[in-house]
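Novice: Take these sequences, add in the hints, and give me the full structure.
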Amino acid sequence: MPILRIRGLTHYFGGLRAVHDFHLDLEPGELVGIIGPNGAGKTTVFNLITGVYRPTEGEIFFNGHNLVGKRPDQIVSLGIARTFQTIRLFKELTVLDNVRIAHFARTRYGVMSAMFRLPQYVREEAEIRERALELLDLMGLLEQANWVASSLPYGLQRRLEIARALATEPRLLLLDEPAAGMNPGEIADLMELIQWIRRRFDLTILLIEHQMRVVMGICERIKVLDFGETIAEGTPAEIQSNPRVIEAYLGEEAIA
Amino acid sequence: MQTLIQQVLNALQLGSVYALIALGYTMVYGIIRLINFAHGDIFMVSTYVAFFIGTALMSHALRLPGIVAFGLTMAAAMMVTALLAVLIERFAYKPLRQAPRVSAVITALGVGLFLENFTLATIGPDPRFLPRFFSVQTFTVGGVAFSNIQIIIIAVSAAVMLLLDTIVRRTMVGMAMRAVSWDKSTAPLMGVPVDSIISITFAIGASIAAVGGTLFGMVYTVDPYMGIRIGWWAFISAVVGGIGNIRGAMVGGYILGFVEIFTPVILPASTYRDFVAFSMLLLLLIFRPYGILGRPVAQKV
Amino acid sequence: MKRPSFSFLTPVLTPVRVAYASLPFSVRRWTMPILLVLFFVVALLSPSFINLYWQQVLIYVGINIILTASLNLVNGYMGEFSVGHAGFMAVGAYVASILTVWVFPRWGLEAYIAYLFPIALLVGGLAAGLTGLVIAFPSFRTRGDYLAIVTLAWNMIVKSVLENIDAIGGPRGFMGMQKLTSVAWVYVWVVFTIYLLRNLVYSNFGRGTLSIREDEIASSLVSVDTRKVKITVFVVAAFFAGIAGGLFAHIIQFINPRSFSILKSTDVLVMVYLGGISSLGGSILGATVYTVLLELLRPLQVWRWVVGPLLLVLLMIFRPRGIMGMQEWPFLIPREERAERVAALMERIRGRREAFAATAPVGGSSD
Ligand SMILES: Nc1ncnc2c1ncn2[C@@H]1O[C@H](COP(=O)(O)OP(=O)(O)OP(=O)(O)O)[C@@H](O)[C@H]1O
Ligand SMILES: [Mg+2]
Numbered sequence: 001m002p003i004l005r006i007r008g009l010t011h012y013f014g015g016l017r018a019v020h021d022f023h024l025d026l027e028p029g030e031l032v033g034i035i036g037p038n039g040a041g042k043t044t045v046f047n048l049i050t051g052v053y054r055p056t057e058g059e060i061f062f063n064g065h066n067l068v069g070k071r072p073d074q075i076v077s078l079g080i081a082r083t084f085q086t087i088r089l090f091k092e093l094t095v096l097d098n099v100r101i102a103h104f105a106r107t108r109y110g111v112m113s114a115m116f117r118l119p120q121y122v123r124e125e126a127e128i129r130e131r132a133l134e135l136l137d138l139m140g141l142l143e144q145a146n147w148v149a150s151s152l153p154y155g156l157q158r159r160l161e162i163a164r165a166l167a168t169e170p171r172l173l174l175l176d177e178p179a180a181g182m183n184p185g186e187i188a189d190l191m192e193l194i195q196w197i198r199r200r201f202d203l204t205i206l207l208i209e210h211q212m213r214v215v216m217g218i219c220e221r222i223k224v225l226d227f228g229e230t231i232a233e234g235t236p237a238e239i240q241s242n243p244r245v246i247e248a249y250l251g252e253e254a255i256a
Numbered sequence: 257m258q259t260l261i262q263q264v265l266n267a268l269q270l271g272s273v274y275a276l277i278a279l280g281y282t283m284v285y286g287i288i289r290l291i292n293f294a295h296g297d298i299f300m301v302s303t304y305v306a307f308f309i310g311t312a313l314m315s316h317a318l319r320l321p322g323i324v325a326f327g328l329t330m331a332a333a334m335m336v337t338a339l340l341a342v343l344i345e346r347f348a349y350k351p352l353r354q355a356p357r358v359s360a361v362i363t364a365l366g367v368g369l370f371l372e373n374f375t376l377a378t379i380g381p382d383p384r385f386l387p388r389f390f391s392v393q394t395f396t397v398g399g400v401a402f403s404n405i406q407i408i409i410i411a412v413s414a415a416v417m418l419l420l421d422t423i424v425r426r427t428m429v430g431m432a433m434r435a436v437s438w439d440k441s442t443a444p445l446m447g448v449p450v451d452s453i454i455s456i457t458f459a460i461g462a463s464i465a466a467v468g469g470t471l472f473g474m475v476y477t478v479d480p481y482m483g484i485r486i487g488w489w490a491f492i493s494a495v496v497g498g499i500g501n502i503r504g505a506m507v508g509g510y511i512l513g514f515v516e517i518f519t520p521v522i523l524p525a526s527t528y529r530d531f532v533a534f535s536m537l538l539l540l541l542i543f544r545p546y547g548i549l550g551r552p553v554a555q556k557v
Numbered sequence: 558m559k560r561p562s563f564s565f566l567t568p569v570l571t572p573v574r575v576a577y578a579s580l581p582f583s584v585r586r587w588t589m590p591i592l593l594v595l596f597f598v599v600a601l602l603s604p605s606f607i608n609l610y611w612q613q614v615l616i617y618v619g620i621n622i623i624l625t626a627s628l629n630l631v632n633g634y635m636g637e638f639s640v641g642h643a644g645f646m647a648v649g650a651y652v653a654s655i656l657t658v659w660v661f662p663r664w665g666l667e668a669y670i671a672y673l674f675p676i677a678l679l680v681g682g683l684a685a686g687l688t689g690l691v692i693a694f695p696s697f698r699t700r701g702d703y704l705a706i707v708t709l710a711w712n713m714i715v716k717s718v719l720e721n722i723d724a725i726g727g728p729r730g731f732m733g734m735q736k737l738t739s740v741a742w743v744y745v746w747v748v749f750t751i752y753l754l755r756n757l758v759y760s761n762f763g764r765g766t767l768s769i770r771e772d773e774i775a776s777s778l779v780s781v782d783t784r785k786v787k788i789t790v791f792v793v794a795a796f797f798a799g800i801a802g803g804l805f806a807h808i809i810q811f812i813n814p815r816s817f818s819i820l821k822s823t824d825v826l827v828m829v830y831l832g833g834i835s836s837l838g839g840s841i842l843g844a845t846v847y848t849v850l851l852e853l854l855r856p857l858q859v860w861r862w863v864v865g866p867l868l869l870v871l872l873m874i875f876r877p878r879g880i881m882g883m884q885e886w887p888f889l890i891p892r893e894e895r896a897e898r899v900a901a902l903m904e905r906i907r908g909r910r911e912a913f914a915a916t917a918p919v920g921g922s923s924d
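Protein chains in written order, with our numbering: chain H, 1 to 256; chain W, 257 to 557; chain X, 558 to 924.
These are computed hints drawn from the structure, not numbers from a lab. Being a predicted model, the structure only gives us computed values, none of them experimental. Here a beta-carbon is modelled for each residue, glycine too, at the ideal position from N, C-alpha and C. Just to be clear, a hint being listed does not mean it is correct.
[What the hints assert, rightly or not] What follows is a list of derived Cβ distance ranges for each label pair:
{"#": "1", "chain 1": "X", "residue 1": "Arg907", "chain 2": "H", "residue 2": "Phe61", "range": "39 to 47 Å"}
{"#": "2", "chain 1": "X", "residue 1": "Arg586", "chain 2": "H", "residue 2": "Ser151", "range": "28 to 36 Å"}
{"#": "3", "chain 1": "H", "residue 1": "Asp202", "chain 2": "W", "residue 2": "Phe347", "range": "30 to 38 Å"}
{"#": "4", "chain 1": "W", "residue 1": "Phe347", "chain 2": "X", "residue 2": "Met589", "range": "43 to 51 Å"}
{"#": "5", "chain 1": "H", "residue 1": "Val68", "chain 2": "X", "residue 2": "Pro662", "range": "52 to 60 Å"}
{"#": "6", "chain 1": "H", "residue 1": "Glu233", "chain 2": "W", "residue 2": "Arg434", "range": "41 to 49 Å"}
[Stated by the list, open to error] Anything over 10 Å on all C-beta distances counts as not near chain W; from chain X, calculated:
{"#": "7", "residue": "Ile809"}
{"#": "8", "residue": "Ile819"}
{"#": "9", "residue": "Trp860"}
Specialist: Written as C-alpha cells, this is what we have:
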C-alpha cells in the first residue's frame with residue numbers, strides 16, 4: 001500500500017495554473033525525485049501536501065488520512081516533515097531551540113502544567129531536552145547546540161533544517177532543493193547524508209532538486225514537471241534519455 | 257423627509273472631511289505599506305496653521321475680501337502641513353524603511369502623540385475658532401435649510417478629490433506612485449526616483465488633509481486632541497474602502513459620515529457612535545480585511 | 558538568549574560572580590527564595606519608612622511591570638503588535654472594583670474585604686483573559702498592522718461600551734473602592750506574574766511563541782499548533798493586564814473609561830520597547846525606568862508628556878529592540894536551561910556517543 005497517494009492534484013493562483021492533474025504514489029521507503037525548470041510547480045506540490053495551500057482540486061492521502069483541508073501542524077503530526085527551498089530556520093533562536101520547537105505536537109503537558117512547573121512538565125521537558133540533544137549529536141551538530149541558528153555556516157544551516165524536520169519524527173520527508181547554494185564537496189556530503197538518514201530513520205523521501213547529479217545519483221524514480229504538467233516519469237536512466245525532458249530543459253537554457 | 261435630507265447634507269459635509277483625511281492614510285499605505293498613525297495629528301496641526309494664518313489675514317488692518325483670505329489660508333495651511341509631513345517622513349520613517357514593519361508603525365504612533373502633546377504644551381488646551389471668512393447665509397429650498405458654508409465644504413472637497421483622482425490616474429507623478437506602490441525594488445530601474453515619489457505622496461496626503469482641516473475649522477472648534485477622534489474615523493474610512501485604494505477612501509469617508517450622523521437617529525444616544533464605528537472596523541477586518549474596493553493579496557511561501 | 562552586558566560594571570561584577578559561582582549548589586539554590594522573602598518583608602514594612610508618595614510610585618512601578626511583561630509576551634515574544642492592552646486592563650479594573658464595592662458587601666463580607674481582594678483580582682484577571690479571545694480569534698487570519706488595528710478597535714470598543722453603561726457610572730466613572738493595593742500586595746503579584754511568565758516562556762509554548770515571531774509558516778510546518786499558541790498568549794497576556802487593572806483601581810480608588818484609553822496602551826508600549834523585546838528582565842527594567850523617569854519629570858508639567866512619544870520614536874530609530882532586547886538576566890532563566898546545565902547534558906551525550914559511534918556522516922567540507 002502506498003504511504004502517499006496523490007490523485008488529480010490541481011492548483012491555481014488566481015488565473016495561473018501552477019499545478020495540473022498531478023499524480024503520485026509513494027511506496028514506503030522509496031526515494032523519489034521531482035525535477036523541472038523554474039516555476040514548474042514543484043514547490044507548490046510540497047505546499048499542497050503540507051497544507052500551506054488548499055488545492056483547487058484533487059486528493060491527497062497519507063497512510064489512509066485525507067490531508068486536504070487539514071492544517072499544516074496537523075499534517076506534520078501525522079508524519080510528514082519538510083525543509084524549504086530557501087532556508088527558513090528560526091534564525092535568532094539557538095540550534096537546540098530550533099529542534100525542540102519541533103517537539104510541539106508531541107508535547108502532552110498543558111499551559112497550566114508549564115506555568116506552575118508541575119511534575120509532568122518537568123519530566124517531559126527533560127525528555128525533550130535530552131532527545132533534542134541526541135538528535136543534534138546524531139546529525140553532527142551537538143557542539144553548536146547553543147549557537148544562534150543564523151551564526152551557523154550555510155552547510156550546517158541546511159543540516160539543521162533537516163534535523164529540525166526529523167525531530168517531528170516523520171515517516172515521509174520532503175526536501176525542497178537541499179543542495180541549493182552548495183559547492184560540489186558539500187553536495188557529495190549531502191547525498192551521503194540523505195541516504196544515511198533514510199536508512200537510520202526508516203524514511204520515505206520526496207526530493208526536489210535542480211542538481212542533476214543529486215537526483216540521478218540517489219533517486220530511484222523521478223517525476224518531471226513543466227508548467228504544472230507532468231511531462232515524464234521513470235528511472236533516472238529513462239529520464240535522461242527522454243526527448244520531452246531534454247526539450248524542456250533546453251528551452252529553459254535557451255531563455256536563460 | 258425634510259430632516260432626513262438635512263441629515264444627509266450634514267453627513268455629506270462630515271463625510272467630505274473624513275474622505276479628505278482618509279486619502280492621506282490610504283496613499284501612504286498604498287506606497288510604503290505604513291499605517292501612518294500620525295496623520296490625524298497632521299490634520300490637527302493643519303487646523304492650527306489655518307487658525308493662526310486665517311486670524312492674521314482677517315485682521316482689520318488688512319481688509320482682505322473673505323474669499324481671498326480663505327484661499328490664502330488654505331494654501332498656506334497646505335504648504336506648511338505638507339512640509340511637516342515631508343520632514344516627519346524624512347526623519348522618523350525613512351530610517352526605518354528596512355526595519356521590521358512594526359517599528360515604523362510604532363514610530364508613527366509616537367509621532368502622533370508627540371504632535372498632540374507638543375501642541376498642548378505650546379499652545380494650550382483651549383479650543384479655538386477660525387475667523388469667519390464668509391458671512392453665513394442660509395437658504396431654504398423645499399423646507400430644507402442649508403448654508404453656503406455647507407455647500408462650500410461639500411463642493412471644495414469634491415473638487416479636490418476629483419483633482420487627486422486625475423493626478424493619480426493621468427499624470428507621470430501618479431504613474432510613478434503606482435509603480436513604487438507595485439514594486440519598490442524595480443521602480444528605480446525604470447528611472448523612478450523612489451525617495452522623491454514617497455516624499456511627494458506624503459506632501460499630497462498632508463495638503464489634502466489641510467484642505468479638510470481648513471474646511472473643518474470653519475464649522476467646528478480646534479483643539480490639540482481633535483486629531484485623535486477625527487483621525488480614527490478617517491482611518492476607519494480608509495479601511496472600510498479598502499486601504500491603499502484611493503476611490504475606496506472617498507467612498508469610505510462618506511460612509512463614515514453617514515454612520516456618525518445616523519447613529520443617534522437609530523440608537524438611543526450619540527455616545528454609541530464610536531462603538532458602532534469601531535465594531536464595524538473590527539468585523540470588517542475579520543471578515544473582509546481588504547475592505548469594500550480592495551483586493552485580497554496572496555502571501556507567497 | 559544571551560546575558561546582558563553592562564560592560565562598565567564588569568570590573569566589579571566579575572569577582573563577585575566568580576566568588577558566588579564557587580559556592581556549592583546546595584547553598585546557591587537558596588539565594589533566590591531567601592532574597593524574595595527578604596524583599597517581601599521589606600515591602601511589608603515599607604509604609605513605616607517610605608512616605609506615601611514614594612509608596613505610590615513603587616506601586617505604579619509594580620503595576621507597570623505586570624502590564625509590560627504581559628504585553629511583551631504578545632509584542633516581543635510573539636512579534637505581534639497589540640495596541641489594546643489598556644482594554645484588558647479596563648475589564649480587570651471594573652470587574653474587580655464591582656466585586657469589592659458591590660458584590661462582596663452585598664454578601665455581607667465587608668469585614669473580610671482585605672482578604673477577598675486577591676479573589677477579586679483573580680476574577681478580574683479571568684474576565685480579562687476571557688476577552689483576550691476577542692483578539693486571539695482574529696489573529697488566526699490577520700497579522701501585522703491589520704492585527705494592530707484589531708487590537709486598537711478593541712481598546713476603543715471597551716472604552717465606548719464602558720461609557721455607555723450607566724449602571725457603572727458611564728463616562729463619569731466608578732468609585733468607592735477601598736485602598737486595598739499596598740506595596741506588599743503589588744510585590745507579591747509582580748513576583749507571581751514574573752514567575753509564571755518565565756515558566757511559560759521557557760516551555761514549549763514559549764518556544765512556539767518565539768517561533769511564530771521568527772516565521773509563522775515554518776512554525777506550523779514543524780508541528781506548532783499556532784492557533785493554540787496564539788490563544789494561550791493572548792489569554793495569558795490579557796489575564797495579567799486584568800490583574801494589573803484591578804491593582805490599579807484599588808490604589809487610585811477612582812476609575813473612568815478615559816483611564817484606559819489608547820494613551821495608556823501607548824505608555825505600556827513605550828515601556829516594552831524601552832526595556833527590550835522578548836525579555837522579562839527588560840520589562841522589569843523598562844517599567845521601572847519609565848515610571849520613575851516620569852515622576853522625576855513632574856516639574857516639567859505638560860512638557861512631561863512629550864517625553865514618552867519622543868523616547869518611543871528615538872528608540873525605534875536607534876535601538877528598536879530596547880535596552881535588553883532578546884537578552885535575559887541569569888536569575889530569570891530556569892536552572893535547567895542555564896548554559897552550565899546544558900553543557901553538562903551535552904557532555905553526557907558525548908560520552909554515550911563514543912560507546913556507539915553511530916552518527917551521521919559529517920563530511921570534511923560542510924563548513
Ligand atoms: N503564492 C503564490 N501566489 C501566486 N503565484 C505563485 C505563488 N506561489 C507560486 N506561484 C507561481 O506558481 C508557479 C509555480 O511556482 P513554484 O514555486 O511551485 O515553482 P518551482 O517549480 O518550485 O520553481 P523553482 O524551481 O524556481 O523553485 C510559478 O509561476 C510561481 O510564480
Ligand atoms: Mg521551488
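Novice: Check the following: the C-beta atoms of phenylalanine 347 of chain W and methionine 589 of chain X are separated by a distance inside 43 to 51 Å.
Specialist: Once the Cβ atoms are compared, 45 Å apart, the range 43 to 51 Å for methionine 589 of chain X and phenylalanine 347 of chain W holds.
Novice: Against the range 52 to 60 Å, how does the distance between the Cβ atoms of valine 68 of chain H and proline 662 of chain X compare: consistent or not?
Specialist: Because 58 Å falls inside the window, the suggested range holds.
Novice: Go ahead and decide if the range 30 to 38 Å is satisfied by the Cβ distance of aspartate 202 of chain H to phenylalanine 347 of chain W.
Specialist: At 60 Å between Cβs, range violated.
Novice: Given the hint of 41 to 49 Å, is the C-beta distance from glutamate 233 of chain H to arginine 434 of chain W inside that range or not?
Specialist: About 45 Å separates the Cβ atoms of glutamate 233 of chain H and arginine 434 of chain W, which means 41 to 49 Å holds.
Novice: Is isoleucine 809 of chain X truly not at the interface, in the sense that its beta carbon sits beyond 10 Å from all beta carbons of chain W?
Specialist: holds (22 Å)
Novice: Should the label of isoleucine 819 of chain X as a non-interface residue stand, given a Cβ cut-off of 10 Å to chain W?
Specialist: Not fine: 8 Å to the nearest Cβ puts isoleucine 819 of chain X too close to chain W.
Novice: Is 39 to 47 Å a correct range for the gap between the Cβ atoms of arginine 907 of chain X and phenylalanine 61 of chain H?
Specialist: Given about 42 Å between the Cβ atoms, the range holds.
Novice: For tryptophan 860 of chain X, is the shortest CB-to-CB distance to chain W above 10 Å, so the non-interface label stands?
Specialist: Given a closest Cβ separation of 5 Å, the condition is violated.
Novice: Starting from the hint 28 to 36 Å, judge whether the C-beta atoms of arginine 586 of chain X and serine 151 of chain H obey it.
Specialist: Once the Cβ atoms are compared, 32 Å apart, the range 28 to 36 Å for serine 151 of chain H and arginine 586 of chain X holds.
Violation of the numbered hints given earlier is confined to hints 3, 8 and 9; the remaining hints are satisfied by the structure.
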